[in-house]
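Here's the letter readout for the chains.
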Amino acid sequence: MNSSAWKLSLKFFIAKKGRSFFSILGISLGILLVTAVQIVFSTLDYSYAALQRQQYGDYDVLAYNQSVGSGLTTQMLAKLKNVQGIESLQPILYPYQGQSPRYSTDSLFYVGLTDTYLSKQLKNYEIIRGHFPHSHEVALSPEIMLQHHLHIGSAIELNLPHKGVMKFIITGELPPSSQVHFATAVFDYSWLQKITGMTQSTGVIMKLNPRLNSSEKNAVLQTIREDLYKMVPHITIDTRDQLSQQINYTDVFLPIVRALSITSIIASISIVISTLQISLQERRKDFSTLRLLGIKGSQLSLLILIESLIYGLFSTVVGISLGIGVSFLIKTVSTQLFHVSMTIVIIQWSTLVWIALCSITMIILAGLIPGLWARRLSPIEAYRTADPSGDSTNGIVTFFLAPSLVAISVILVLLTHILKLNVFIYLFSGLCFVVGMYMWIPQCLQSSSRLFSWALKPLFGSNVVLASRNINRYKRRSTLCVGALMLAVTVGMAGMIVLNVIVVGQTRMVNFNYPEDVILRAVDFHGFSSGLKNQVRSIKGISTETFTNLAGAFVLNAPNPDGTTPMPTSPKGVQHTGLGSLVTLVGSHLEEDKRIDPFQIIAGRIDSRALGNDGVVLTKSEADALGFKVGDTMRLKKGFTNQTLTLKVVGIIKGTSSTFSSPWAIVNPTVMEHNFSIHSLSSIQIKITSGDARRVIQSLQAFLKNPQYQDVQLINKMKEKQIAQQPSMLFSIVLTTTILTIVGIATLGLMNHTASSIRQRSREFATMRAVGTTRPQMMRLILAEGMMTSVLGGILGVVTGGGFAYLALLSLNQARGVSFPLSWIYGTIFISPILGLFASWSTSIWASRQDILSSLSNY
Amino acid sequence: MNPVLETKLLTKEFHTGSEILCAVNSVTLNVKPGEFIAIMGPSGSGKSTLLHMLSGLEKATSGSVTICGMDLTESNDEELTKLRREKIGFVFQFFNLIPVLSAYENVTLPMLMAGHKESAIRERARFLLEQMGLSAHLHKRPHELSGGQQQRVAIARALLPTPPILMADEPTGSLDTKTGLEVLRLLRNACKAPLQHSLVLVTHDPKVASFANRVLFMRDGRIVGEVSDMDQLQLLDLNMSFSAAIQQQWEVLMA
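Residue numbers (our numbering), protein chains in the order written: chain P, 1 to 859; chain W, 860 to 1114.
Because the hints were derived from the structure by calculation, they are not lab data.
Keep in mind that a hint or two might mislead.
[To be verified] List of simulated lysine-lysine pairs, PhoX-like, C-alpha gap at most 25 Å:
| hint | chain 1 | residue 1 | chain 2 | residue 2 |
| --- | --- | --- | --- | --- |
| 1 | W | K1051 | W | K946 |
| 2 | P | K217 | P | K230 |
| 3 | P | K296 | W | K941 |
| 4 | P | K285 | W | K946 |
| 5 | P | K11 | W | K999 |
| 6 | P | K629 | P | K654 |
| 7 | P | K123 | P | K17 |
| 8 | P | K540 | P | K687 |
| 9 | P | K533 | P | K719 |
| 10 | W | K867 | W | K918 |
| 11 | W | K941 | P | K7 |
| 12 | P | K457 | P | K420 |
| 13 | P | K296 | W | K976 |
| 14 | P | K420 | P | K540 |
| 15 | P | K285 | W | K941 |
| 16 | P | K7 | W | K999 |
| 17 | P | K687 | P | K620 |
| 18 | P | K654 | P | K717 |
| 19 | P | K717 | P | K705 |
| 20 | P | K120 | P | K217 |
| 21 | W | K1051 | W | K1066 |
| 22 | P | K123 | P | K717 |
| 23 | P | K79 | P | K120 |
| 24 | W | K976 | P | K11 |
| 25 | W | K946 | P | K296 |
| 26 | P | K16 | W | K999 |
| 27 | W | K999 | P | K17 |
| 28 | W | K918 | P | K296 |
| 29 | W | K976 | P | K7 |
| 30 | P | K207 | P | K167 |
| 31 | P | K654 | P | K620 |
| 32 | P | K120 | P | K194 |
| 33 | P | K285 | P | K11 |
| 34 | P | K285 | W | K1051 |
| 35 | P | K17 | P | K207 |
| 36 | P | K285 | W | K999 |
[As the list claims (entries may be wrong)] A few chain W residues facing chain P, derived, Cβ under 7 Å:
| hint | residue |
| --- | --- |
| 37 | M860 |
| 38 | H911 |
| 39 | L916 |
| 40 | T940 |
Quick reminder that beta carbons are idealized off the backbone N, C-alpha and C, glycines included.
Next up, chain W with everything else stripped away, as it sits in the complex:
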């Protein structure tokens, strides 16, 4: 199965005066369809910069990023815009909903602006919002919804164009534990068949990361560790659950 997302020796350097800061250093990874990857790391480890480069928002200093066969480092702004519109769904920590629009309008707006007719997307938008448990809140504005509801609207918005990959930056960062878990379940469900969205999620919460199939640990711009739920046998040998393994790695990383 071809990877949805692939990076090769991806590097990002920032120049601060005479110093060069390497925010992301030679990162190579790939994400398969339906795979849920969590990127963990302390503040300043480069995980957000990596996410931005994976979304085509930051230009790489060197290396390459390919999404669905399209090399982002070679693409112009128009191509990147089209890519974000069609191939990537975004979920943010602070939801980033348009305050003047209702839940339904927030979900449909990007597709409408992209030139789709409302009649063509109405049913799917309603279906997604229903799936998110928001059928009673279609016409409510963001400020009339709870944090969890707002994030579910944002997920529905991200899923509407059926993008192959979702990028989530601390999606539960501003939610309480229970609501956060609900949101994570929804995201994980999106990665399962038949939807099979891939998901790259940035977090510093091991519990959140434990929902992923694979967790990458970053420090000083490099991927310094990886735990995958595919390593079940190894974990059994160690008498350790997947989440415990993540927790252990995280503690090592933060030490």
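Isolated chain P (complex conformation):
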């Protein structure tokens, strides 16, 4: 039995090569998507982990002691090294940690490191030029080198507390320091230990075994924490939790893309079901004959299941192979066009085996539905010669269940909104809405096809009326056609809305962190000449904002004086002293700034005229901290002098970037000149609006070659910004690929359904031809059917997808400011009929060219 069943199923499969090919293609697309998503995300995880390691250092623990007198002895380090799970560790020496007053005239931070791979992972102390220092050698931050006109090979005298001034040769350059006045000097660990007479190390860097899984890693980290606290009670331990969170950012996107790819698998499975159903329909007579000849119903089910297994095997091989190929393509496209960092494609074979097994199982399970129908097939069908008179759908589902579900969804949304119930009810209502809308397709089909026929009859004549009737006569089949496209549009619509929200959020975050592409920054307190500003502005395709050097002043009349009134927000940067609250004054042209660094005006007016010579604009954090409102007068004491200054608060702004979120008081640059004699600039922030970024950088570098600007540092933020933008960019690529694949699957499904529906009625069409219908009329009739079903699928998909996405976002508290992708909606409404025409085009040609006699005699 088995071999003959296999043989028969294979023959059935081969007999319909065209349909088998398109079915396999459709199912493969689903598997392709799941495979590609899995590979792309594995690759991304790997690439970003590598990138993070490269950017922030490849280590797991950094521990250092901030107090004087206690450190880690050699024995302690040896004990730590024996902790299972630690791959390597290296000591660090901060010889003057916690010591006060300042240990060097240049405010240098001294660090002793070993010349090892692990120590080099401390990216702030990485030698970017030159070589690692040995005895009497040092590597320095570039700010110090710029400030003192030093270079590698120069000699420098440094003050070592308890040792006095010593002469060093500069052998290396460190990266620019993250803060302007926080420069570093790196020495050889052993030499520094020897010269300072310190026997203990004040810090340690560790790398864990990379093969540990997350729970093992956590266990090792816990052991390390316990051991370290026992050894040095007040030690600070950084286990890089924040970095781990950054690396796992894909966790945010993966579920969404995974949900979409699962939807695509469901769509693929619907193709399996419909293909097998079509095949069953076409072989209804063959199967009923077999039943009549004594074949059991279960054996027919087995035939269908074997056929689905054949589809499954072929589709899985094709899908996974194409998935691997597409992953490489995505990698190439992402790397070359979008500059997303993907080093190598990571293929986890075990995952692919799982995908293969799951796909085959799901496809076989999908075969169960037509298999059960085959089982129920009556042998008497073998005698039937009449054409099917049509099919119908379940009235209870269409007329009762579907509207009830939609109504329940609406009621739940209203109740949740009014009674402030758990937001997850929105998600539940969303699901009810989707299921209800799908169940409602037959009813919508009936109404819409009548509407179409009424509206289009004057234009297209009786073809449209007949098409409309056919749609209703074969309601189940038409429902499948509508459902196929509706699924794609629903997924696309929901995906685009979610994408919009995520991309907008990501863009906002990136813009907050990186309002500018390039910063020209002074390396010291003296700042640089404002002449540079004019030169920079001569470069085309950029916007700039300039900030004068900062000045400190004490507020004498703050409504929230030090300690008397609780502050609404953290007064970061506002220091309360006995002299009053210290504010940072900066001079800037806010109207210019707004172009590069948009901010929100919370209150008052923001322009040069309003600022004048006595106006001040406060950032919201500063206004909240000090308690000032627009119209208030600020009395300020200029630093430690006895001079005072009075400014009027003309506006309060809230920054959308990190710059204007800082606690600042912004005045006209002239105020800085007149009151603090500040003419110099602390920074120029540049945003490249158009044109070639490389050309802009080259121009800026050319300006900085002028000795006048030797104390100006160029900080290129574009690379960092690009990396920060990558997740949303990549998500867009993956989501777009997903949506396109699902649309592809839907189109194939639509073609499948249409072809089967037409083939099923080939005798009917032959009769129409026999009684005088012309070939073009036949084609128009079929095309009208295809178009009407696809238009409805598109419209219902937009409504369902939009509704579901909105409710899903409500459940995630992300619906505020959600924008519906109008271009996608218009595109869908425009493309849906075209898809319908495309899907029914070849079938309409086939039907119109059929031989009338052979079709009429085809039982």
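We have chain P; now place chain W onto it with these hints.
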């Protein structure tokens, strides 16, 4: 000799709205081994429904059908499937061959699906196809064969499991006269010794019916007449051939 097939007051009613349509009304008949029975009647007379009930495809409203001692009205689907597989051979008007299989595969498939080994049935299948004049067409697919050849493949398929009874529904309905006659000869031969298959054939063609041993005439679900080739003496008295008697009955029935 025990009858292969026996019915007692076999009735089939269909409910159409509030009306009850009696498609087959109290039909009692029996078919002996090797007997060839033709059932004739105009459209809607109930002959196809009767054939379906005789094959166990339609459940009777009342009465009974027994094939080889097995009461079909008391049997479940599994038993009926087994019965159709082992005891009944089917021949259809439109041949009902599986288009993707060759002539040989069409003949052997039901037996293979029933669990028989190909080696056990190969010789007989080839023999039957040879008997049907198809030895040169074993590996041709249905669309490569003429209508008559296709019907002969279907007959070979029906005969392969050596069923005691064959059910044929208008087996020559889609064949030309000459081919139809060839097919009828083959079917009649199957009823003769040594094969001794019984045959129930539904037709509305008196010429086709004349190949039978006995012709039953149906109208409105009832058997309203019968002509048997056993009534030779009576027919001689009437100076009428068997086929003429059938023709006469048929004309009366259609009047």
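Checked hints:
Between W/K1051 and W/K946, the direct Cα distance comes to roughly 17 Å. Compliance with the 25 Å bound is thereby established for this hinted pair. A C-alpha spacing of about 20 Å is found between P/K217 and P/K230, which places the hinted pair at or below 25 Å, so the restraint holds. Between P/K296 and W/K941 the CA atoms are separated by roughly 8 Å; this keeps the pair inside 25 Å, and the hint holds. Distance restraint check for P/K285 and W/K946: the Cα-Cα separation of roughly 22 Å lies within the 25 Å cut-off, and the hinted pair is therefore satisfied.
Between the alpha carbons of P/K11 and W/K999 the distance comes to roughly 14 Å, so the proposed pair stays at or under 25 Å and holds. At roughly 14 Å between alpha-carbon atoms, P/K629 and P/K654 fall within 25 Å of each other, so this suggested pair holds. Only pairs whose Cα atoms come within 25 Å are accepted, and P/K123 paired with P/K17 is rejected, the gap being roughly 60 Å. Restraint check for P/K540 and P/K687: satisfied, since their Cα atoms lie roughly 11 Å apart, inside the 25 Å limit.
Between P/K533 and P/K719, the direct Cα distance comes to roughly 23 Å. Compliance with the 25 Å bound is thereby established for this hinted pair. Annotation: proposed proximity of W/K867 to W/K918 holds, straight-line Cα distance about 14 Å (limit 25 Å). For the hint linking W/K941 to P/K7, the alpha-carbon distance of about 23 Å falls within 25 Å, and the restraint holds. For the suggested pair P/K457 and P/K420, the alpha carbons sit about 49 Å apart, so the restraint of at most 25 Å is broken.
Distance restraint check for P/K296 and W/K976: the Cα-Cα separation of roughly 17 Å lies within the 25 Å cut-off, and the hinted pair is therefore satisfied. Our distance criterion of 25 Å between C-alpha atoms is broken by P/K420 and P/K540, whose separation comes to about 53 Å. At most 25 Å may separate the alpha-carbon atoms for a hinted pair to count; P/K285 and W/K941 meet this at roughly 20 Å. For the hint pairing P/K7 with W/K999, the CA-to-CA distance comes to about 16 Å; that is within 25 Å, so the pair holds.
As the CA atoms of P/K687 and P/K620 are separated by approximately 24 Å, the hinted pair is consistent with the 25 Å bound. Among the hinted pairs, P/K654 with P/K717 is consistent with the structure: their alpha-carbon atoms are about 23 Å apart, no more than 25 Å. In summary, the hint linking P/K717 to P/K705 is supported, as the alpha carbons are separated by about 20 Å, within the 25 Å threshold. Annotation: proposed proximity of P/K120 to P/K217 holds, straight-line Cα distance about 22 Å (limit 25 Å).
The straight-line distance between the Cα atoms of W/K1051 and W/K1066 is roughly 20 Å, inside the 25 Å bound, and the hint therefore holds. Distance restraint check for P/K123 and P/K717: the Cα-Cα separation of roughly 17 Å lies within the 25 Å cut-off, and the hinted pair is therefore satisfied. Restraint check: the Cα-Cα separation between P/K79 and P/K120 comes to about 23 Å, which is no more than 25 Å; the hinted pair holds. Simply put, W/K976 and P/K11 have alpha-carbon atoms about 20 Å apart, close enough for the 25 Å limit, and the pair holds.
At most 25 Å may separate the alpha-carbon atoms for a hinted pair to count; W/K946 and P/K296 meet this at roughly 15 Å. At most 25 Å may separate the alpha-carbon atoms for a hinted pair to count; P/K16 and W/K999 meet this at roughly 18 Å. A distance of roughly 19 Å separates the Cα atoms of W/K999 and P/K17; the hinted pair therefore holds under the 25 Å criterion. For a cut-off of 25 Å, the pair hint linking W/K918 to P/K296 stands: about 18 Å separates their Cα positions.
A threshold of 25 Å between alpha carbons decides the hint, and for W/K976 with P/K7 the separation of about 14 Å falls inside it, so the pair holds. Annotation: proposed proximity of P/K207 to P/K167 is violated, straight-line Cα distance about 34 Å (limit 25 Å). Among the hinted pairs, P/K654 with P/K620 is consistent with the structure: their alpha-carbon atoms are about 5 Å apart, no more than 25 Å. Between the alpha carbons of P/K120 and P/K194 the distance comes to roughly 21 Å, so the proposed pair stays at or under 25 Å and holds.
At most 25 Å may separate the alpha-carbon atoms for a hinted pair to count; P/K285 and P/K11 meet this at roughly 16 Å. Restraint check for P/K285 and W/K1051: not satisfied, since their Cα atoms lie roughly 31 Å apart, outside the 25 Å limit. Between P/K17 and P/K207 the alpha-carbon distance is near 58 Å, which puts this suggested pair outside the 25 Å criterion. Our distance criterion of 25 Å between C-alpha atoms is met by P/K285 and W/K999, whose separation comes to about 20 Å.
With its C-beta approaching chain P no nearer than about 26 Å, W/M860 sits outside the 7 Å limit, and its interface hint is violated. Given hint, W/H911 at the interface with chain P, holds; its Cβ is 6 Å from that chain's nearest Cβ, closer than 7 Å. Interface restraint check: W/L916 against chain P, minimum CB-CB distance 5 Å, threshold 7 Å, status holds. Because the smallest distance between the Cβ of W/T940 and any Cβ of chain P comes to about 5 Å, under 7 Å, the interface hint for this residue holds.
Comparing the model with each numbered hint stated earlier shows that hints 7, 12, 14, 30, 34, 35, 37 do not hold.
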